[in-house]
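Chemist: Quick note, the sequences are listed as chains L and Y, same order. Counting from 1, position 172 in the first sequence corresponds to residue 173 in this note's numbering; the numbering is continuous, with no gaps. Counting from 1, position 32 in the second sequence corresponds to residue 33 in this note's numbering; the numbering is continuous, with no gaps.
Since the hints were made in silico from the structure, they are not lab data. One should not assume that every hint holds.
Remember, identical chains collapse to one label, so a pair may be satisfied in a single copy or spanning two.
[Claimed, not checked] DSBU-like mimics (lysine-lysine), calculated; alpha carbons at most 30 Å apart, straight line:
hint	residue 1	residue 2
1	K30	K130
2	K88	K59
3	K88	K130
4	K88	K103
5	K112	K130
6	K88	K112
7	K88	K30
8	K130	K59
9	K168	K206
10	K112	K59
11	K30	K151
12	K130	K67
13	K112	K168
14	K112	K30
15	K115	K59
16	K103	K169
17	K169	K186
18	K30	K115
19	K103	K115
20	K154	K115
Number of protein chains: 2
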Amino acid sequence: MNIILLSPDDYINDNTVQLVDDRLTHINKVIRAQPGDRLRVGLINGKIGYGIINNVDKTLCSLTVKLDQEPPPATPITLVLALSRPKMMRRIYRMAAEYGLKDIYIINSYKTEKSFWQSPVVEQQSVHKYLLQGLEQSVDTVLPSVTFKKYFKPFIEDELATLAAGKKALVAHPGNHPPCPIAVKQPMILAIGPEGGFIPYEVEKLNQAGFDTVSLGPRILRVENAVSTLVARLFDGAA
Amino acid sequence: MNIILLSPDDYINDNTVQLVDDRLTHINKVIRAQPGDRLRVGLINGKIGYGIINNVDKTLCSLTVKLDQEPPPATPITLVLALSRPKMMRRIYRMAAEYGLKDIYIINSYKTEKSFWQSPVVEQQSVHKYLLQGLEQSVDTVLPSVTFKKYFKPFIEDELATLAAGKKALVAHPGNHPPCPIAVKQPMILAIGPEGGFIPYEVEKLNQAGFDTVSLGPRILRVENAVSTLVARLFDGAA
Numbered sequence: 002m003n004i005i006l007l008s009p010d011d012y013i014n015d016n017t018v019q020l021v022d023d024r025l026t027h028i029n030k031v032i033r034a035q036p037g038d039r040l041r042v043g044l045i046n047g048k049i050g051y052g053i054i055n056n057v058d059k060t061l062c063s064l065t066v067k068l069d070q071e072p073p074p075a076t077p078i079t080l081v082l083a084l085s086r087p088k089m090m091r092r093i094y095r096m097a098a099e100y101g102l103k104d105i106y107i108i109n110s111y112k113t114e115k116s117f118w119q120s121p122v123v124e125q126q127s128v129h130k131y132l133l134q135g136l137e138q139s140v141d142t143v144l145p146s147v148t149f150k151k152y153f154k155p156f157i158e159d160e161l162a163t164l165a166a167g168k169k170a171l172v173a174h175p176g177n178h179p180p181c182p183i184a185v186k187q188p189m190i191l192a193i194g195p196e197g198g199f200i201p202y203e204v205e206k207l208n209q210a211g212f213d214t215v216s217l218g219p220r221i222l223r224v225e226n227a228v229s230t231l232v233a234r235l236f237d238g239a240a
Numbered sequence: 002m003n004i005i006l007l008s009p010d011d012y013i014n015d016n017t018v019q020l021v022d023d024r025l026t027h028i029n030k031v032i033r034a035q036p037g038d039r040l041r042v043g044l045i046n047g048k049i050g051y052g053i054i055n056n057v058d059k060t061l062c063s064l065t066v067k068l069d070q071e072p073p074p075a076t077p078i079t080l081v082l083a084l085s086r087p088k089m090m091r092r093i094y095r096m097a098a099e100y101g102l103k104d105i106y107i108i109n110s111y112k113t114e115k116s117f118w119q120s121p122v123v124e125q126q127s128v129h130k131y132l133l134q135g136l137e138q139s140v141d142t143v144l145p146s147v148t149f150k151k152y153f154k155p156f157i158e159d160e161l162a163t164l165a166a167g168k169k170a171l172v173a174h175p176g177n178h179p180p181c182p183i184a185v186k187q188p189m190i191l192a193i194g195p196e197g198g199f200i201p202y203e204v205e206k207l208n209q210a211g212f213d214t215v216s217l218g219p220r221i222l223r224v225e226n227a228v229s230t231l232v233a234r235l236f237d238g239a240a
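Kindly generate the complete structure, drawing on both the sequences and the hints.
Modeler: See below:
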């Protein structure tokens, strides 16, 4: 937790917040903060700044906050990801928020097991928790939007072209395809398959929707590592 | 498991292997293979090819193997990584093997908790297991070498310059540093701190050993995501 994220409910007046829950635990157990200490805080979907601790004990931490900095710029990649195993999805939500992705579409695919659509990783409340963890890591406040599309074909045929308009659209797929480009200077939309990959029909439908197939080389990467590799290559966030 | 890795002990004659353990489980439960099926196999530190199943049951799988392809090229990055939490190290070992890194040095740092040096993630036998998992994912056979250096200063002062000779040497550290370069065309050596980062003294010692400090941008990434981001940016494996 490199930033403590606040919601409007935490405010008791214009510039004072009272924290309980795991943020209080973090302040007591990890930071071991004392009255007068300065902590980095931010308002969810708002600005970043500092909070000075007024008082802190086992039940409550009161902070006077000043928020005056913008959060870091968003990473201009829309992610279209086939639903994978819940364990992997939890990591990918955290990672996507950490990398500054803001628009995420979780779609069905042939190799997505039906049971995954019954798991908590497709419930907004759980997803929200993992996204917050990613923002807390990377010192951002802006929550990504995660949209679930349980039907592959209508999404690809009816909605995807609109989403991809004006963007460089890529689908990563193992095989003999052109290499994934580096440091692209325009908004992107990126489709990534489930464990085991998209089937040829799915790649074809994505190609018809304007997505170019690209390769990440001879190695087969885990889905989560494919996500981080693609984001790291495509977006030159350090420049 | 995208490849079944063999060791010399599995051979009962020049081209027949008998498998038990989790590889047999995988063949039965995940692949659900039958006699006559062709599976991708490789010899640890050797070639890749195919195995044809002679017979398979709950206790044993016998395969006739033919190994005729080279494993994918190594990723020319030596990784010097401060020891972090065991949970994170397990993922990083898998990931490093998956990405084709072959030379890994695990070092002490100020923010490395002493107890980490007592955990199984610094025992070669455990490490071997995680590295194999990474190779099984990415279809490689060549085991990385992992070396532990429990004393920061003598390693940095006496050994690191030799290791870094002829390589582009970089240390990733948050802050106002030049951005991490992209698609470097020479061998590299890359130093990455623990959770919470290197302390200024450690960065300075690395700089003295010829490492340039580079930034990954305004976001603070988890150590494992810093590793994948750096490897993805520095090495253009797809080209």
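Chemist: If a hint holds in the structure, say so; if it doesn't, say that too.
Modeler: Going down the list of hints, with the structure as the test:
1. For the identical chains of this complex, K30 and K130 are intra-copy neighbours only, at 20 Å inside a copy versus 34 Å across copies, given an alpha-carbon limit of 30 Å.
2. For a Cα distance limit of 30 Å, the shortest separation of K88 from K59 across copies, 28 Å, qualifies, whereas the shortest one inside one copy, 32 Å, does not.
3. Within a single copy, K88 and K130 get their C-alpha atoms as close as 14 Å, and across copies as close as 20 Å, so both meet the 30 Å cut-off.
4. Taking the closest pair of Cα atoms, K88 and K103 come within 30 Å of each other both inside a single copy (21 Å) and across two copies (28 Å).
5. In this assembly of identical chains, the alpha carbons of K112 and K130 lie at most 30 Å apart whether taken from the same copy (26 Å) or from different copies (27 Å).
6. For the homomeric pair K88 and K112, the shortest alpha-carbon distances inside one copy (16 Å) and between copies (28 Å) are both at most 30 Å.
7. Both within a single protomer and between protomers do K88 and K30 lie at most 30 Å apart by alpha-carbon distance, with minima of 27 Å and 20 Å respectively.
8. Only within a single protomer do K130 and K59 lie at most 30 Å apart by alpha-carbon distance; the minimum there is 23 Å, versus 42 Å between protomers.
9. Proximity of K168 to K206 under the C-alpha cut-off of 30 Å is restricted to the intra-copy arrangement: shortest distance 17 Å within a copy versus 44 Å between copies.
10. Taking identical chains as interchangeable, the C-alpha atoms of K112 and K59 lie at most 30 Å apart only when they sit on different chains, with a minimum of 27 Å there against 47 Å within one chain.
11. In this homomeric assembly, K30 and K151 come within 30 Å of each other (Cα to Cα) only across copies, at 28 Å, whereas the closest approach inside a single copy is 41 Å.
12. For the identical chains of this complex, K130 and K67 are intra-copy neighbours only, at 25 Å inside a copy versus 49 Å across copies, given an alpha-carbon limit of 30 Å.
13. In this assembly of identical chains, the alpha carbons of K112 and K168 lie at most 30 Å apart only when taken from the same copy (27 Å versus 42 Å across copies).
14. For a Cα distance limit of 30 Å, the shortest separation of K112 from K30 across copies, 17 Å, qualifies, whereas the shortest one inside one copy, 43 Å, does not.
15. In this homomeric assembly, K115 and K59 come within 30 Å of each other (Cα to Cα) only across copies, at 28 Å, whereas the closest approach inside a single copy is 44 Å.
16. Taking the closest pair of Cα atoms, K103 and K169 come within 30 Å of each other only inside a single copy of the chain (16 Å); across copies the shortest separation is 34 Å, beyond that limit.
17. With identical chains, the CA atoms of K169 and K186 are at most 30 Å apart both within one copy (9 Å) and between copies (26 Å).
18. For the identical chains of this complex, K30 and K115 are inter-copy neighbours only, at 19 Å across copies versus 41 Å inside a copy, given an alpha-carbon limit of 30 Å.
19. Only within a single protomer do K103 and K115 lie at most 30 Å apart by alpha-carbon distance; the minimum there is 26 Å, versus 38 Å between protomers.
20. In this homomeric assembly, K154 and K115 come within 30 Å of each other (Cα to Cα) only inside a single copy, at 16 Å, whereas the closest approach across copies is 53 Å.
When the structure is compared with the earlier hints, no violation turns up for any of them.
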